[in-house]
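Visitor: The listed protein sequences derive, respectively, from chains A and B.
Letter by letter, the first sequence follows residues 12 to 143 of the numbering used here.
Letter by letter, the second sequence follows residues 12 to 143 of the numbering used here.
Keep in mind that the hints were calculated from the coordinates and are not lab data.
Only true hints are included.
Intra- or inter-copy, both count: the list cannot distinguish identical chains.
Here are the simulated lysine to aspartate or glutamate pairs, EDC-like style, with alpha carbons at most 20 Å apart:
{"hint": "1", "residue 1": "Lys61", "residue 2": "Glu128"}
{"hint": "2", "residue 1": "Lys43", "residue 2": "Asp26"}
{"hint": "3", "residue 1": "Lys129", "residue 2": "Glu64"}
{"hint": "4", "residue 1": "Lys129", "residue 2": "Glu72"}
{"hint": "5", "residue 1": "Lys126", "residue 2": "Glu106"}
{"hint": "6", "residue 1": "Lys129", "residue 2": "Glu106"}
{"hint": "7", "residue 1": "Lys129", "residue 2": "Glu60"}
{"hint": "8", "residue 1": "Lys129", "residue 2": "Asp109"}
{"hint": "9", "residue 1": "Lys19", "residue 2": "Glu29"}
{"hint": "10", "residue 1": "Lys19", "residue 2": "Glu60"}
Number of protein chains: 2
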Amino acid sequence: MTTPQLTKNQSLVFDVLEKAEGPLSAYTILDKLRDHGFRAPLQVYRALEKLLEYGVVHRLESINSFVACAHPGENCHSHGIVAFAICESCGLVMEFHDHEVDHRLMAWVRGQKFKPEKTTIEIRGLCETCAA
Amino acid sequence: MTTPQLTKNQSLVFDVLEKAEGPLSAYTILDKLRDHGFRAPLQVYRALEKLLEYGVVHRLESINSFVACAHPGENCHSHGIVAFAICESCGLVMEFHDHEVDHRLMAWVRGQKFKPEKTTIEIRGLCETCAA
DNA sequence: ATTGCACACGTTATAGCATAACGCAATTGA
DNA sequence: TCAATTGCGTTATGCTATAACGTGTGCAAT
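Using the sequences and the accompanying hints, generate a full structural model.
Guide: As structure tokens, this is what we get:
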């Protein structure tokens, strides 16, 4: 799947996320886009919905925030399950993939006849710098 | 670590979760306990905080809900990372552990010198019954 | 016995996250 | 042309979570 041309609002939201140092909440994005005419949360959420669908943005469930995908150019849906390490001190997010983890999880759910749709793996802790 | 004697509020909240068919939100728990004198969200959240600490309740980050641990009697902190499969149709929650997954994830973070504190693995999808 | 501390609890208020419902405008394809 | 789709803006609302303050109780140290 290729990413379609982004609309104006989608581009604005995506740019904010790309330039950000770490994950942002929808309301933080909203604040950053007030000067560009954004007024209501829905403008952000609707753009995010599409960006998530296109695979160029990820949602971090455990902190109710969003990040641009770490793989510019491609989309992430083809990489299998995406995992994140999130620094609770500085907000640094590291994104990674591990096929063996995917296999184990998918093997388990297959054993239960469970049909997976969306998987979340998030490791909260301290990054090297903050742990020192 | 052994679970200390629960207080009245903690017991009430835990009982509600144990008897529930699936995960419950804090506000749903609140509603179920109105007859027992609960009036405010904090009464629920404070009890949940302790129950999470004791390892007898889990928080499902992706759906902002809580479930009683599937291992009555013992606490879950000793089992390594806990993973969940959550049916988006009927709310069924299956809890499981996979040491190989733990090892892979912990090996990865160790390579990054990241210090993990709390890990979330949640697979949303459809259970066997609902997928049929 | 009294003082000081830790802890659970109750209440009010507020902050933070997310969506429902309405209507309008532009685009597309039959 | 007409209907369907999609994006957009606005208002209102609902759901999730915590801050801040005060009360009461049990218990240990002096």
